[in-house]
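S.K.: Sequence:
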Amino acid sequence: MVEKTKKTLLVSFLCMILLCILVFVWLVSFMSRKSEATISDIGIIYMSEMNKQMQQKFEAIVGIRVSQIQGIIRRNAPEMYVYGQEMVEELQLSASVREFAYLGLYADDGSCETIYGEPVEMVDTKAFFQSINNEKKSKTNGTNTAGERLLLLGCSAQYPMEGGTKSIALVAGFPMSYLEQTLVLDGDGALMYSHIIHNDGSFVVRSGEAYRDNYFHRVKEMFQEYNGKTAEDYERELMEAIQQKKEYSELIMVDGTHRHLYCSSLPETEWYLVSVMPYGVLDDAI
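Per this note's numbering, residue 11 is the first one in the sequence shown, and the count goes up by one each step.
Hints were generated in silico from the structure; no laboratory data involved. Predicted model only: the values in this text are computed from it and were never measured. Incorrect hints may have been included.
[Stated by the list, open to error] Taking lysine to any residue and the SDA-like style, the derived pairs with C-alpha atoms no more than 25 Å apart in a straight line are:
| hint | residue 1 | residue 2 |
| --- | --- | --- |
| 1 | K62 | P88 |
| 2 | K230 | R269 |
| 3 | K62 | N154 |
| 4 | K67 | K230 |
| 5 | K44 | C30 |
| 6 | K67 | I55 |
| 7 | K256 | Q234 |
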């Protein structure tokens, strides 16, 4: 009888241990899922607000620079001039004082006359001039003959040009490095880093660690499979979100570490702000 009781107690004790182990394993799994969901929620809130702030800073920077171009036009009214050295020198002085790296006159046939700085090859010329014709803030990027990348802004203006034609726009440019530094896209000690890309994935501004020419290629080559999603799934979802001009937020795995990807459009452009936050800090806190 005693032996039977001992055996019963031992079996009960072992069953209790097994039950405790199962409960503990379930609890760890449950808390892990809850922690990941919490991190995701915190990340979305943080990155959404940070992206909004950067969007506002971007609009402010562009607004200030567009006002400077409009100031040049007001100070040097097109109707005041016939084409000549006096007009060119006045426009050059205005560009220099405002620290532009480039100033040019553009005609409706796409021809350009460089007034100040190195000649520039413009990206997406058609959309740029459509915006000017619709009296919107025209923004694009380009590269000058020295290989420097510029943010180009244009305002409607009918200046006389060499050869007797008239311009439809005065276009000014400043280095992309200025935009990157002002927006602090990858500042030291920052919790996240950001890129600005075209809707085809090509970079407008990239942070220091990105070396590929296209962000979609970066996604395909660097993102690891996570939560049942492959790099190709992330690439497809991001491309679809961009084409539909929707925000995109997703947990990803890169180099064995959790990160949060957040993408949103920049106002009045075909550009997108892509931000990535490594989860080391939040992982430790949770």
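S.K.: Decide, hint by hint, whether the structure agrees.
M.R.: Verification of the hints:
1. K62 x P88: violated, 38 Å
2. K230 x R269: Since the Cα atoms of K230 and R269 sit roughly 15 Å apart, the hinted pair holds (cutoff 25 Å).
3. K62 x N154: violated, 31 Å
4. K67 x K230: Violated, at about 30 Å.
5. K44 x C30: holds, 20 Å
6. K67 x I55: holds, 19 Å
7. K256 x Q234: holds, 23 Å
In the structure shown, a violation is registered for the earlier hints numbered 1, 3 and 4, in ascending order.
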